[in-house]
Amino acid sequence: MGFSEQRLYYAKKDNDRREFIFFLLLFAVIFIKFYFLEYKISMQVTRYPASAASSAGIVLCLTVAVSLFWRKLRAFSALTVDFLISLLAVTDLLHLRYYSDMFTFMNIGLSAQVGEIADSVAALIHPSDFLYFADIPLLIFYIYISRKFRSVPFFKKVGIKRFLVSLLLIIVGALPVVYRFWSYEKRMPDVLSSMWDRPAVSNNIGALTYHLADVKNAAGHFFFREKLSDSQISEVKNFFNEKKRGRSPGYLNGSAKGKNLIIIQVESLQQFVIDLRINGAEVTPNLNRFVRESAYFSGIYSQTASGNSSDAEFIVNTGLYPSASGVAYTRFAGNRYEALPKVLADIGYISLALHGDRPGFWNRHRMYPSMGFSRFISKKDFIVDENIGMGLSDASFFRQSLDILDKTQKPFYAFLITLTSHYPYNFEEIFKEAQLNTSPFEGTLMGNYLTSMKYFDDKFGSFIEGLRKNGLLDSSVIALYGDHTAIPGWDRSSLEKLLGRSLKNDWEWKYMQRIPLMIKIPGIQDPSEDNKETAGLIDLPETFADLMGFEFNAGFGTSLFDKDRSEPVIFRNGSFITGNVFIEPSSRSAREMPEGKVLDYGKYAPMAEEVKKRLRYSDMILEHDLVPEIVRED
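To convert, note that position 432 of the sequence shown is 431 in numbering that gives the first Met the number 0; the numbers rise steadily by one, no gaps.
Be aware that a few hints might be false.
Simulated DEER-style distance windows between Cβ atoms [what the hints assert, rightly or not]:
(1) Val171 to Glu591: 44 to 52 Å
(2) Phe132 to Asn386: 29 to 37 Å
(3) Glu550 to Ala280: 29 to 37 Å
(4) Asn237 to Arg186: 29 to 37 Å
(5) Arg335 to Arg186: 35 to 43 Å
(6) Gly442 to Leu130: 42 to 50 Å
Hints in this document: simulated from the structure, not taken from any laboratory. These numbers come from a predicted model, not from an experiment. Heads up, the beta-carbon is just placed ideally off N, CA and C, and yes, glycines get one too.
Could you put together the complete structure from these sequences and hints?
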């Protein structure tokens, strides 16, 4: 072998080693990124060590597969995969901070809305998140140095020997992934298809492997959805028929028959602000006064999932649970619903929705007609004389809504959704109007939130006074509730400081996620004391039906005025609350709230199966547009 041939031989050997190091580094950085992501998840859900092996397996498969790409595209492909994986990890982190949930590819269609909630997204980003992308310029530099001064290409063609070794490595990497899938499904049947607790799934099989299962589920939904059998449809229908037969009228049944219905969904309103004082001042004096004039329920939970505000709207109007994956407003806007606006329209009501955001946000312009709203008054219909944050200010929204309601044909159902108190609660205009000393929380997320609640309360007080003046206060049922939680899990320490109590455990945190519900009923002078009974937003449609004397037969809730009700509050991840007991089937735990006393899970296991069944029925209704079958008379 001549000198030049020897030199070329050793150059190729050196490049082989450098390419191997490159892909070894790629494997290491991707694995480390998801290892730390899984560590973040494990702060909320018990972590299983085998998830690390599963993650390592899928990263090995991914890295080896990229190493087989055409050599001229190999570097670009590897860096692109690294970037996308990093983006996915950060997206998961943002979802965990805001929703306490993992990202699902069912939500990919909502990316168009990111621009409108940019402030909310920016507030969730931590400086450390950028470390997920820090390796990319280093890998680029490594490729540059390795290519410079080299007489042979950095990446070489894939020969048969390398291909076979790579194939063997992919098989080796797939083994822990397949085993983890199999063992987890064996222990928790249907958990990977239902995904009712995504963080728990991620900690069991690894975050990357979770996303693989999520992609499989999304593909199955969009391309391979199975048709329901007649017996499955009958099963769902029989459930609702039995529910209808077992219904009993509440103690206020029909007392508001023929009255207008005004429902106000308040952005981010939580129970703990009611009657709260800070530095001697009431945060919500008008709400506190409204509570004393209303039927008040302090044990309500929102039950929303990744759809947040839109999920709250969906639950309250349809009586169905949110979508298991993705968002009902975007995935099932074409369905037929027996929702509140439609049911009321059928008995002569005008049904209208009012919201100060653009009509396409959360796909409302398509969903509202499907639910039976005859009018949707959005940002494009209002006079935008004051814009705060994402849209029309609550002050202008309430002022203009008063005029619209006054001119609307009676009786009507008006669904109002506020906007100004939206996360991250730092809109400057609010601080100019709402006078509240939030020390020692001034300048923090909590301080900003309390100020935004004070702002809303001021405008709500003006709205109620306007209803009093135009006569609608005495001729309308007026309901108000918070749509979802306000303080994200990462800032629970500020809520602990405000309330002077520990919220470190899941059951303590869950207990503080309650939202207030107030229903002012015309002619009822003494609506009763605070009803602390545990309930959910899903109970509202049947509550209004009971109160106003009409039938609502396609929802999962029960009237809050039914003294015999004993239903659990079911959350989308399969956990539920019955009485003051919080049950998590994913960890087979049952605890009293808020103290956390451990109870025997076995006592609640049959109820857990019932909860699972109801969520499955709700999913079947959405996936297969079954509402017409439910309400159809045989």
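Hints, one by one, checked against the model:
1. Val171 to Glu591: 44 to 52 Å: holds, 47 Å
2. Phe132 to Asn386: 29 to 37 Å: holds, 34 Å
3. Glu550 to Ala280: 29 to 37 Å: Violated: the Cβ-Cβ distance is about 45 Å, outside 29 to 37 Å.
4. Asn237 to Arg186: 29 to 37 Å: Cβ of Asn237 to Cβ of Arg186: about 31 Å, so the range 29 to 37 Å holds.
5. Arg335 to Arg186: 35 to 43 Å: holds, 38 Å
6. Gly442 to Leu130: 42 to 50 Å: violated, 26 Å
When held up to the earlier numbered hints, the structure conflicts with 3 and 6 and fits the remainder.
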